[in-house]
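K.L.:
Spelled out from the first residue to the last, the chains are:
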Amino acid sequence: MPMLDIKNLTLEMGSGDNTIKALDKVNLSVSSGEIRALVGESGSGKSLIVSAICGALPGQWHLTADRMSWNGENLLGMSVYQRREVMRREIAVVFQNPQASLDPSSTLGEQLAESIPEEFVEGSWFWQRAQHRKKIAISTVHKVGIKHHKHYLSAYPHQIPADIGQKFMIAMALVSQPKLLIADDPTRGMEPTTKAQILKLFTRLNQTKSLSILFVSHDLLAIASMAHSMTVLYAGQTVESGKMKHIKKRPLHPYTQALLDSAPSFRKDLPPKSHLPTLGGSIPTLQHLPIGCRLGPRCPRAQRACVQKPAVRRIHDHSYSCHYPLHVEKQ
Amino acid sequence: MYMGVVKRLTVALCTALLIVSCAKQNKKAFYNTGIIYCSESNPVTFNPQLDTSSTTSDATSHQLYDRLLDFDPDSGRIVPSLASSWLVTNDGLTYAFQLRRDVKFHQTHYFTPTRNFNADDVIFSINRWRLPSHPYHSVSGGRYPYFESLGLAQNIASVERVNGYRVEITLHRRDSSFLANLATDFAVILSQEYATTLFEAGSPSKIDILPVGTGPFKFESYRKDRFIKYLRHEDYWRKSELRGDDNVASSAEDFDNRSNVDANWQDNVQLNGNISNDDVTNVQQLIFDITPRSSLRLAKLMTGECDATAFPAQTELEVIRARNDLTLAEKPGLNIGFWAFNTQRPPFDNPDVRRALAAAIDKNTLLEAVYFDSATRAKTLLPAASWAFQNDADDTAYNPVLARQLLANAGVKEGFSMTIWAMPVERAYNPNATKMAELIQRYLQDVGIEATIVSYDWATFRRHLQDGLHDSVLIGWSADNGDPDNFYRPLLSCGAIPSGTNRAMWCDEDYDRLLNEALKTDDIDERTAIYHQVNRLLYERLPLVPIAHAYRYQAYREELNGVVINPFGGVRFGGVEKTL
Amino acid sequence: MIQILTRYCTLLVLTLLVLAVMSFSLAYLFPGDTLENLTGLVPENEAQREALERQFKLDSSVVLQFFYYLGNLLVGDWGYSFTSGLPLLEEVGIALPATIELATYAMLMALFVGIPLGYYAGIRCYSTTDHILNSASMTTYSFPVFWFALLLILVFSLQLDAAPLSGRISLLYDVPRVTGFILVDVLLSDLDNKSLAFKDALSHIALPTFAIGAITTASLIRITRRSVIDVKHRPYIAAAVSRGLSSWQIFTRHILRNALLPILPLMAIQITTLITNAMIVETLFSWPGIGNWLIQAIYQRDYPALRIGMMAVSTLVITLTILVDLFNRIIDPSREKYEHAAV
Amino acid sequence: MPQFSLYEEEFHPSPWQRTWAAFRSSHIAMVGLVMLGCFVFFALFAPIITPYDATEQNIDGLLIPPSWTANGVISHLFGTDALGRDLFTRIIYGCRITLGTAFITVVLAMLVGVSLGTFAGMLRGVRSSIANHLLDALMAIPTLLIAIIIVAILGAGLLNSMWAITLALIPQFVHHTRSFVRAEMKKDYIVASKLDGANRWQLFVHSILPNMIETLVVQGTLALSIAVIDISALGFLNLGAQSPLPELGVILADGLDAAYLAPWNVAVPGTAIFLMVLSINIVGDGLRSALRKRVSH
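Line by line, the protein sequences give chains A, B, C and D. Under my numbering, think of the first position of the first sequence as 1, with each following residue one higher. Under my numbering, think of the first position of the second sequence as 1, with each following residue one higher. Under my numbering, think of the first position of the third sequence as 1, with each following residue one higher. Under my numbering, think of the first position of the fourth sequence as 1, with each following residue one higher.
Pulled out of the complex, with its shape left as it was, chain A reads as follows (with noise of 0.2 Å):
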């Protein structure tokens, strides 16, 4: 019984005939304690997911889904003030890019103790209440690994560099406990030293707290070695999913195949100076998404049955979209 289950999300954008599927039946789930990562190029809608997760879509985009449970509860049924309680108490988000995630007018310390839920703060008295409020902000940050918590409490975010920003971001995110944290894209544009760090904090969190995380990345390698589990997407549609093991040896889709073979350290086989391959064409903008299997003009293995959207197929956990899978026989 997975935490999150997500069955053929959609979500239409734009209004009257001219509607887009941004995200066209997307299959997601995240079980307690695994760390998932969900991978795809940019513009692939990843963070789209996220934010339908969130709640955080505008009014105007039309949301459906087979089925989007957490716990098992429908968020798609609940009321506004539920789902802003789950958000509050279970699922936590971790943004990209933490200097735009974080309010420029007021200080990381203020920002971090309004999300401390206030069943956690003791004290009767306001003043009580703050100082609590300021221990839990203290340890909360030394747990993410920022030593000089007087520092940085005070200050506003302009003032921080991008790797105290981010662990700022998770310390926000672990401060009301959750059980599942989003994850989207945090180590984007960050240096390799900085990034590490942030992974390796993850990892951490994953084992000592067993916090499931979803982690949301356009960077294969980064997350390869952490994540136990992948969801592949392109162009709004999910590719293939299954256990991270699993897709890296024998990847069913070609697309999953073609990012994993451009990522030069998954290839061990590959002689040195000869070109990495990579697919024909370039990602389709939002308005002229291609019928059928979305990557079809661009699939080396592409036939005529590819107009048709192929229906989701499953080895074991292992599940994929593809009219022509690799290393599976045509049966």
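I should point out that these hints are in silico values taken from the structure, not numbers from a laboratory. These figures come from a predicted structure and were not determined experimentally.
Only pairs whose alpha carbons sit at most 25 Å apart, straight line, appear in this in silico BS3-like list of lysine-lysine:
hint, chain 1, residue 1, chain 2, residue 2
1, C, LYS199, B, LYS28
2, A, LYS195, A, LYS245
3, B, LYS104, B, LYS206
4, A, LYS134, A, LYS147
5, D, LYS293, C, LYS232
6, A, LYS200, A, LYS147
7, A, LYS243, A, LYS200
8, A, LYS134, A, LYS179
9, B, LYS28, C, LYS194
10, B, LYS229, C, LYS199
11, A, LYS21, D, LYS293
12, B, LYS331, B, LYS379
13, A, LYS200, A, LYS248
14, A, LYS147, A, LYS209
15, A, LYS150, A, LYS135
16, A, LYS195, A, LYS179
17, C, LYS194, B, LYS229
18, A, LYS243, A, LYS179
Chain A is fixed; fit chains B, C and D onto it per the hints.
P.N.:
Relative to chain A, chains B, C and D alone:
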């Protein structure tokens, strides 16, 4: 100091709520105590001797001052004012005035009088404009345009004090309009005591800035372009007059004695002529709200911000008539609107050019467009209300062909450019000079003349006019009394050029000779005949094109009672009452 | 902090110096006599003229003249008006507070009506209320102020007779001048009919304030709405939503302040528009303020008055602008980054 | 690289086309555009549309009411003024003068402002800081004040009021351009062209200007509405165009004298100015939101 302000501020703020909530009480009573008159422009000075504009005389003459004599507003007859009675010798050269006793001057924040009005004040007031050697003559510029234009100073041989309340004036020549001139707005009586005080203090010019008179209101404050504030003169003499007639009786006795002694005195003693009841009633304040824009004046009148207004525009008359809460008083005015050429500038020194320009315009159109038919077409300078009016006088006619021909003969080329000066203020005789100028501009275009319209603010405009900077000007004249001489002499005589009322800068010996001749007789027919000759002369030489005689209007709210229109110009607020 | 203050003070002093140079050169640029334009005194004869020229250092170099002029400005000796003959300091001292009073009330109206409405429209963006507010503000914003004022006069003064159309208070009242603000002065005065006078002053000020205020309100609504919408789309608002904060918390803690920050610098521009509108509206309502005074001065070619009036109004506006900027600089923590980056 | 185009059927709209598409989708903006189009049409073809001469006085027809009232005549659509001039003709010519001069003013201000702004934006250091602050201060001086001073120096007239408004509009263009250029100079594509050896002039013409034009157009519409209001305000205050020139503000001021007898003389020119400004604002607003929509996608 600051603590004081702060403390008062807090107290004030606390009361503010109270105040707003229960402010119903004596609103009416308070608003009844003040009259607001929307006037059209700033007075040039507070002494009407110094200026002929009706703005100045409206603001001062009948509010702050009195004259020796007055015109009865209904009949136009001369009635006593500060002079309770007068005598004239048979040769018409000596005038004796018996002065009223117990007339008090204003007590103001800058002057406290110690004595009542007497003969010294009359002598001072007349000598100021009469004698160039008088210490006050050159104060405030030393120009007395009205008297200069009439040559009155030259005609007076002496002004003598007989006793404290009697003055005798002797003339060189007989002047049948002399009494009328003394009753005009400009012949006001100033305080000699005040003048002396100021002279000793070294600031004589204050006499025309901070005025002191005997009129129904006294000066309080003035802010240019905004307002003039007058307060009620508590000891105004006309009020005491009502209580007992003994003053008048005694003064009449004085004259009776004298006339028995000297048989030369003519027997036209005026006694107790009907003195209008100019008592200040419940009115404590009179305020002139200076509002140059006529539409705004009407708007203020409608909203009750003004109680009366000057010179409603012709377009607005219908609106005023249509409203129940407004009254429109209307009288044929003694005025003339005209187009004068600067005859000292070529080519306007050529009568043919002037005639050509006159023929180029259609006066009837101007009447319709500018006056909206609230005026009659002017053939000569005199309106029909004057006894010397000539109905069959020659008049110029609209004839562009003739105009072109005359211009060609005079050597004025096609495309010749000239200026038309349009006065910036509205006057009964020309309610919209700019509009008239625009119309004339079109007509002149038709005969090949490019005209540009020039306008300045009123004071500058008049200054430049006096300097003769104009080619032609649209302006006019409101008579100060009903005598024809009051039109002909100030407007076109040689003497009127330096005094600045002769806008044509025209000087003609024949004209002046005829005018002087007319004054030598009292016979109306004889005078009329002479003025007909003058009309003929003007038609031939045409220094100006007479355009219209306008009706005189006054609009006021129904709350005002006792408003009187003076046909000779001039509003007066003595005796006006306000009941909301 | 002190560093910031000194920077702004230097800026203010420099700008005012430039203004002084401008107003000084205007005496030369205006038609007519430099001496008369500079002092407002018209000498009656040559001897007097020479004496005056010596007094005002017009016989020495331009630089010396300027410094003498500057000294006079500082001392308060601003010259005399051609038309009224009164000292200009006194005239400006009467006219300027009247304009400031009008502008203040209009600004308060704009702030207290415009910003809340703008917030409301921004929060409820693309709803019916928002559309109504948005088009109403667009319409109001497009009114030429002089026509708008005329319409107000037509409707409220002439048709409904609800408010007077000229001046600050009925001329029947004689209110002593203490602060130059008529409402305050009435409250401070010892008039017998204080309540009547206060009501009267209030009814006089209503229409002009509304005429100026409405247009500023409209633009403030638009600015605020835009700013709120922009802020709403910022990632940190999405982050706050994802943290499960209630919409009220998000509004008060994050939107309110962040949306206000970009409005403040724009308020500086609004001040300029406001003063311009006030100047135009003053002429229509015969409000005895600096705009009316300046326009009368230009009609009468009163050059000394124009010279000083220009100086006074621009000083006022620039000081206000710089103050707003300074205030903005103090309350906006992220500003220093840009400044350091820019210089 | 693929040897053939996979997306032959695809239509890639240019940025301008996309802006236009976004603009077109707003009905209000389109109404505004049509209205503005009408005004431009009036302005361009005034002599053809109008039945009379704008300054031709007709003494027989003073203050004729508009044609829709009981006393109106169809030959004078909006009636006549106090000098018998056809109001419709004057309004059309008024649109021509007011809109035309406003447009010229804005173009002039834009040319000067953009060049100065570019110059200031490319400057660095103390000079730029001084220019920066002085400009901000100058921007604060109200248009009306500048106009009054110019009128005092040069005298009243339409041309002088145009100078005044141009002067008043320049700082905002300078400001805008300067900050734009400055932001753009830091971007990578400029650095790339710099590395290619482009000099400042080439940088400006080939890299910055094309990116700036759209925001300039938006800024221009904003300035245009300000210019229309200012020109008519100055005309109304008798500081700009002078009667009998048919400028909308002047027509309004002229009509004020006969406001009680002929209210349409005030209503019609006022409405004309209002609609003109409104249409410009709507178009400007539509453009701005279209641009924003495009950028945000």
